[in-house]
Amino acid sequence: MKNRIEEIRKSKGIRQEDFARAMGVSRQTISSLETGRYNPSVFLAYRIARYFGMTIEEVFLFEESEDAK
Amino acid sequence: MNNNRRLIFSAVEIVLGAALVLGVRLTGGDSLWLGMGGALIAVAALQLVFGLRYRADADYREKVDVEARDERSAFLRARAWAWAGYGSVFVGGIATIVFMILGREELFTLCGSGVCLIMVLYWISFLVLKKKY
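Chains as they are written, first to last, in the working numbering: chain G, 2 to 70; chain W, 620 to 752.
Rather than coming from a laboratory, the hints here were simulated on the basis of the structure.
Possibly wrong hints are sitting among the right ones.
Straight line, CA to CA, 20 angstroms or less: simulated DMTMM-like cross-link-like pairs of lysine to aspartate or glutamate [claimed, not checked]: (1) G/13 / G/65; (2) W/682 / G/19; (3) G/3 / W/690; (4) G/3 / G/65; (5) G/11 / G/65; (6) G/13 / G/35; (7) G/3 / G/59; (8) W/682 / G/18.
Since this is a predicted model, take the numbers as computed values, not measurements.
Chain W extracted, bound-state conformation (with noise of 0.2 angstroms):
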């Protein structure tokens, strides 16, 4: 996305968190709404000062942009990404049983599911990545 387009994201965002607030406020509906709307206002309001900034800002465009296609940086992005992954079938998998332990089923089932989804995901994954490699 270049950057032209994602300022007028964030200000889409911006327009959205603000009608989903103002929505809420008028009709008093869940808080649940109105906390998501203020994050989204909030996440969309820092993008768009990145992207004032990137604008005006020649040598943090510089900077920005060498990090984008920096082969270290995107070798370290799909190590923290491996590692998220190994996290999170070592949490959900402890999670899990923690959970049968406890007799919690609805946890016990949902926890195991994350987990065989995971791998599931992982092994297409690995046979996509075998089959273009």
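Looking at chain G on its own, in the form it has when it is part of the complex (with noise of 0.2 angstroms):
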């Protein structure tokens, strides 16, 4: 799944140590996220998009075709 975090933290010029830190995880995970390496469970994708004042659907992007893997 892909995702909006590293564009959305850069423009409110937010570190990855700080974002991790907010967000209570590490911050090789914060950069798996961005990667899109790893994804999030519902809970944390929630807490990332409430933190950027966003609804999950802004910052995470769906594709149809991931549903089958």
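Fit chain to chain and form the complex, with the hints in mind.
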């Protein structure tokens, strides 16, 4: 699943370390999320979206084809 | 287990290890127990060092706490256990076949039973998890 975490985080001038601390996860997790290597749980996705003041759909881009994977 | 309990547990392990080493030295017992005692002391000493660092160093404590509740780490741990399970079945299966060909009946039975045990545990775990989720 693609996401706009890196783009939104950078536009707000937030460092990965600070973002990770706010989300209660490691910096490596944020890095993996941004590169799309790891998909977050619904809870983390919700926390991230809420932190940015957005909806989950605005941050995470669901593609129909991924459903079959 | 909280950190204080872990520290106490490590200290008890060191005492037990030392008692084991001392007991073997005094009675001239099996060197296997000497090795086990030494290993127990080494592992407990490492745990103690990490535990004391956790207590004294706030940055380290935060890092350990984040790592413990980090969902990606939990996912990776679960994946690593799954891979270890697949690996055990694969290696055990090959070993069973090799020992069967070599006519080593005891080892063949041991490896075969091990693989069967893992498969049984897998199915029990699957059924329990199926009920739970």
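Agreement of residue 3 of chain G and residue 65 of chain G with the hint, judged by alpha carbon distance not exceeding 20 angstroms:
Given that 20 angstroms is the threshold and the Cα spacing comes to 12 angstroms, the pair holds.
Can you confirm whether the C-alpha distance between residue 13 of chain G and residue 65 of chain G stays at or below 20 angstroms?
Between residue 13 of chain G and residue 65 of chain G the Cα gap is close to 29 angstroms, so the pair fails against 20 angstroms, i.e. violated.
20 angstroms Cα cutoff - pair residue 682 of chain W, residue 19 of chain G
Status holds; Cα separation ~13 angstroms.
Would the hint linking residue 3 of chain G and residue 59 of chain G be met if the CA-CA limit is 20 angstroms?
holds, 11 angstroms
Straight-line Cα separation of residue 682 of chain W and residue 18 of chain G no greater than 20 angstroms?
holds, 12 angstroms
Are the Cα atoms of residue 13 of chain G and residue 35 of chain G separated by 20 angstroms or less?
holds, 15 angstroms
Proposed proximity, residue 65 of chain G with residue 11 of chain G (alpha carbon, max 20 angstroms)
violated, 27 angstroms
Can you confirm whether the C-alpha distance between residue 3 of chain G and residue 690 of chain W stays at or below 20 angstroms?
holds, 19 angstroms
Consistency with the previously given hints fails for numbers 1 and 5, ordered from lowest to highest.
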